[in-house]
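Asker: From first to last, the protein sequence lines are chains F and H. Its first residue numbered 2, the first sequence is counted upward by one per residue in my numbering. Its first residue numbered 270, the second sequence is counted upward by one per residue in my numbering.
These aren't lab readings, by the way, just hints derived from the structure by calculation. For every residue, glycine included, the Cβ atom is placed at its ideal position computed from N, Cα and C. There may be inaccurate statements among the hints.
[What the hints assert, rightly or not] Covered stretches of chain F, going by a simulated chain H footprint (3 or more residues, C-beta under 8 Å): (1) 35 to 42; (2) 219 to 230; (3) 320 to 329; (4) 349 to 363.
[Said to hold, decoys possible] A few chain H residues that face chain F, going by a derived Cβ cut-off under 7 Å, partial list only: (5) Gly-396; (6) Ala-461; (7) Asp-489; (8) Gln-678; (9) Tyr-726; (10) Arg-740; (11) Leu-745; (12) Ala-746.
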Amino acid sequence: MREAPHDHTQILVIGSGAGGSTVAYELARRGFEVVVLEEGGQFELSDYGQAAPIAMRQMYRKRGMTPILGGVPIGYVEGCCVGGSTEINSGFWHRTPPEVLLRWRSQLGLDVGDHELDEHFDWAERELRVGVSEAEWPPSTAAFARGAEAMGWSAWEVPRAAPGCKHTNACASGCPTGAKQGMSRSLLPKAKALGARVIGGARVLRLLQRKGRVEGALVRVHTADGVARLLRIQAEHVFVCCGPTETPSLLLRSGIRYHVGNSLRVHPYLKVAARFPEAMSSISSVLPLLQVKEFWPDLSFGGAFFGSGQVAMTLSDNWPANQAQMANLGQLAQYYVGVRGTGRGWVRPTALGEDATLVRYDLSKDDLRHLSVGLARLSELLLRAGADELFPSVWGVGPFKRPGDAARWLEERLPKRALSLVTVHAFSSCPMGERQDLSAADSQGRVWGLENLYLADASVLPDSPGVNPQGTVMALARRNAVAFAATH
Amino acid sequence: MTAPTPDAPPLEGAGAHSKGRRVAFVVAGLLSSAAFMVLAIRRLSFADVSHAFALAKLWPWLPIGILSYLAGHVVRGVRCRRLASGEARLTRTTATNVVVLGYAVNNILPARLGEFARAAMLAERSGLPFPQGLSITFLERILDGVVMLGLLAVAYFSLPQGMHHGWLSATLQIAAAVFLLALSGVLAAVLAPSLILRWTSRLSQLLAPRIHDRLVRVVDQAVRGVAYLREPRAALSIAGLSLAVWLCEAGLFLCLLPAFSLSFDPRLALLAMTVTNLGILVPSSPGFIGPFHFFCMRALTAVGISEATGFGYAALVHLAFYVPITLWGVGIIVAYGFKLGANLDAQESASPLGLLDPGQRFVAPGEAPDPAPSALTRALCEALIPEESDQLPERPQVLQSCAAFTAGQLRALPFRLRVYFAVGLLTLRVATLLRFGRPFCKLDLEPRRRWVEAWAYGGFSLGRALLRAPRSTTLLAYYEHPAVQATLGVAPASRAAASDAVILQLKPGRRANA
Chain F
2 MREAPHDHTQ
12 ILVIGSGAGG
22 STVAYELARR
32 GFEVVVLEEG
42 GQFELSDYGQ
52 AAPIAMRQMY
62 RKRGMTPILG
72 GVPIGYVEGC
82 CVGGSTEINS
92 GFWHRTPPEV
102 LLRWRSQLGL
112 DVGDHELDEH
122 FDWAERELRV
132 GVSEAEWPPS
142 TAAFARGAEA
152 MGWSAWEVPR
162 AAPGCKHTNA
172 CASGCPTGAK
182 QGMSRSLLPK
192 AKALGARVIG
202 GARVLRLLQR
212 KGRVEGALVR
222 VHTADGVARL
232 LRIQAEHVFV
242 CCGPTETPSL
252 LLRSGIRYHV
262 GNSLRVHPYL
272 KVAARFPEAM
282 SSISSVLPLL
292 QVKEFWPDLS
302 FGGAFFGSGQ
312 VAMTLSDNWP
322 ANQAQMANLG
332 QLAQYYVGVR
342 GTGRGWVRPT
352 ALGEDATLVR
362 YDLSKDDLRH
372 LSVGLARLSE
382 LLLRAGADEL
392 FPSVWGVGPF
402 KRPGDAARWL
412 EERLPKRALS
422 LVTVHAFSSC
432 PMGERQDLSA
442 ADSQGRVWGL
452 ENLYLADASV
462 LPDSPGVNPQ
472 GTVMALARRN
482 AVAFAATH
Chain H
270 MTAPTPDAPP
280 LEGAGAHSKG
290 RRVAFVVAGL
300 LSSAAFMVLA
310 IRRLSFADVS
320 HAFALAKLWP
330 WLPIGILSYL
340 AGHVVRGVRC
350 RRLASGEARL
360 TRTTATNVVV
370 LGYAVNNILP
380 ARLGEFARAA
390 MLAERSGLPF
400 PQGLSITFLE
410 RILDGVVMLG
420 LLAVAYFSLP
430 QGMHHGWLSA
440 TLQIAAAVFL
450 LALSGVLAAV
460 LAPSLILRWT
470 SRLSQLLAPR
480 IHDRLVRVVD
490 QAVRGVAYLR
500 EPRAALSIAG
510 LSLAVWLCEA
520 GLFLCLLPAF
530 SLSFDPRLAL
540 LAMTVTNLGI
550 LVPSSPGFIG
560 PFHFFCMRAL
570 TAVGISEATG
580 FGYAALVHLA
590 FYVPITLWGV
600 GIIVAYGFKL
610 GANLDAQESA
620 SPLGLLDPGQ
630 RFVAPGEAPD
640 PAPSALTRAL
650 CEALIPEESD
660 QLPERPQVLQ
670 SCAAFTAGQL
680 RALPFRLRVY
690 FAVGLLTLRV
700 ATLLRFGRPF
710 CKLDLEPRRR
720 WVEAWAYGGF
730 SLGRALLRAP
740 RSTTLLAYYE
750 HPAVQATLGV
760 APASRAAASD
770 AVILQLKPGR
780 RANA
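Same shape as in the complex, but just chain F:
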């Protein structure tokens, strides 16, 4: 390799999502030379808010075609653009529940104290200006609140990292107003201002190791004339922040296998479209802002993204019967049943074909029970909220029209082959903790056996947190970046 100013850096951050951006900003702020590599492209506000097919092509990994295999296949999507999934998520924000931290300490010996993350959550919430809205709730949120109240269940408006949200209903295709604080709007510009370089369109094929150290990365880029090139980037320290599926895939491609990719957890979601007698205006509003946590950690209910294409997909399990509902688009809203996910799965790089990742997750019996019970409860809530008809994304099930229609699923199990599940939350594919016999990295995110390789994304969470994970990922990433900076 010839000497050159840009083939070597102190800190190489692979991935620019919630974890990678936090690490990049925090270390750039402390004077480290930082290069961030992101496989996806860099977009401007003017590129955001496109129709779903365009957004999927531009901003989603493999155009959104990254299904999780298993007894019940689960549709899974994640961002593949500068900012990662924070560009296409809802911006919902949760702190890690104390009970979850307790479980992680108990299971994997995670060395994180009860209040140790507080300062990092405070920091992140300031940076992203996290809060809840003061304006009137949109109809889909108000109806959901009505139902929760009728059922006597606790429901919270979930804070979001979207100050000044203008309800353009474009969260999933990039917020075109810039209100949502995706990483490309919040931390990355600050990191760049501090000297960090962010390179889009760069896929890391593998990490290069020598004598217990990672000495750099082998990177694939495509130049504007369409020619693929390989680059080597040398680094003193490498932070892998590619997300719950790509981080283990990259480690495995690099020959790093210790507890990598074998313990994937997800939050499986079952969607329900609801038709109300009044106008919901979901298509020109924000998604329902409340979440029912009455049955947490096993079960959560909340609102799902709404678009004409997305609702058609939810209705499509029983399309011949449901397609007429597309004429009632203005009265429809979408909700979900989310379960914590106690099954297990794995992540592997593919041997055949182009560089890709295979993911598998098998629903546990508890998952199936919770989904069934959850469907019954959510249906009851929505019908009590005044919904005329409910259309679950389960083949041969529904529509539900009257309270009690879905009650059978309190006892019975939904047929596996009839389910259409989705998820946007995966974790735990490279869990961290002090239990070296169970984890891939220590509590600071340092990969066992390699002195300069760190992980900082959802892959390190010891199991499913049961809540939207962005807050937890950012808090842990900052904690570990601060600890790293203190010792280097």
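Since the structure of chain F is provided, determine the placement of chain H on it from the hints.
Answerer: Leaving out everything else, chain H in the frame of chain F:
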């Protein structure tokens, strides 16, 4: 011509090393040519050969044969263009010239240096890295070998038992072993490119970084050279073109048979062509003088034709093989200002991995456009979009948009799932044929809709699983299309609503039913 990669530094000592190797090749080639020529003519009566030439009827057989041979080169050009199309844009003319140049240089220079010249010209005209150009060239050679093997087998088994000479059988077996081994290497590169690259990097990362980088780069470019074959339809088209190439070349051998009053027998032409082309794989002089004549003559004498006629035929075929292409190649060299010496060193200049260029913008995967949908995808999407679409004035555009999006989504699936999906679709097509007696794409829209509905939404769970992806993506694309959204009263782009939307203020969290 310059070295194809701008960051390729010349390696010290590489020139001297390759020069020595080249001289050895040349000497070996010349000796081999002389030996085969001696073998060919040692028992010949030159009077008989002169007599055979005197009786030869060159018109119209020679011009027709040459035209057929040249047509084969045009088909080779089409094939070369397609193989390079993943990362380079070549015109058909340029691609044909690239191919012809390789043959012409082989006719002028020894040791098959034409293959390198051709790869270098491909690299220069297309911007592809040299090893990738070389990989495409070798891929073409392997495909040629496999097709020739098949044609030799056809010729061999169509001959009477009495003509199954031991050497013919041995040639068939050796060629089968060599080309099937090479084909398995190509298949590995086609099916598992990332795995090969990973292991190359992994095994070489303990070596010096410079060696690792060079190995990885060369292997990567070689593997990318076969990337076009990853799509089954593309692979089939290349197989078809390869067959066409050799049928055209067989045309030359066939047309010159009656010129020597031999029977116009395609089996004989195939035998002569395949034996000759396999024979000239041995090192020889420029233009394969010696081996060409020996093996061509040997193929004819094996079926009872006299040595004098066989040699005359071989000499004439060789002239038809040599002169037009060499002249065409010289024209290319003149036209393109091609410096052969520079090209021959390009193979040595595989550079280390590139560097990060400050400010350079790279293309992300999401910037690739939707692919053109196949007829099957289009027919499937047409059956999946709602019947109400029949009333849309923009229906053709909507359908095209849905089909292109669906094709792109299906192509984005992991390889394993694409294989499952392809098998599933094959089942659907066979079932359609059995049920309706017509191919899926030829079914009228109404029965196709009912049939697809039965699979996508019926009680057969495997059918539902098979069509879940196309069903979902087609409906998504359909209902997100501006023309359809207009009928639903939806503003087509969220961005349009941004300026008029309510701005929400923030306050600390609250509980809905507190």
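Asker: Hint by hint, say whether it matches the structure.
Answerer: Comparing the hints with the structure gives:
1. For the region 35 to 42 of chain F, the assignment as covered by chain H holds, since 4 residues bring a beta-carbon within under 8 Å of that chain's beta-carbons and 3 suffice.
2. Counting residues of the region 219 to 230 of chain F whose C-beta sits closer than 8 Å to any C-beta of chain H gives 10, which meets the bar of three, so the coverage hint holds.
3. Restraint check on the region 320 to 329 of chain F versus chain H: 5 residues with Cβ-Cβ distances below 8 Å, three needed, restraint holds.
4. Counting residues of the region 349 to 363 of chain F whose beta carbon lies closer than 8 Å to any beta carbon of chain H gives 10, which meets the minimum of three for the stated coverage.
5. For H:Gly-396, the suggested interface contact is upheld, since its CB lies about 6 Å from the closest CB of chain F, less than 7 Å.
6. Against a cut-off of 7 Å between C-beta atoms, the interface hint on H:Ala-461 holds, since the closest Cβ of chain F lies about 5 Å away.
7. Here the hint on H:Asp-489 is kept, as its CB sits about 6 Å from the closest CB of chain F, short of 7 Å.
8. Here the hint on H:Gln-678 is kept, as its CB sits about 5 Å from the closest CB of chain F, short of 7 Å.
9. Evaluation of the H:Tyr-726 hint against chain F yields a held restraint, the C-beta minimum of about 6 Å falling below 7 Å.
10. At about 6 Å, the closest approach between the beta carbon of H:Arg-740 and any beta carbon in chain F falls short of 7 Å, and the interface hint on this residue holds.
11. For H:Leu-745, the shortest C-beta to C-beta distance to chain F is roughly 4 Å, which falls under 7 Å, so the interface hint holds.
12. Because the smallest distance between the Cβ of H:Ala-746 and any Cβ of chain F comes to about 5 Å, under 7 Å, the interface hint for this residue holds.
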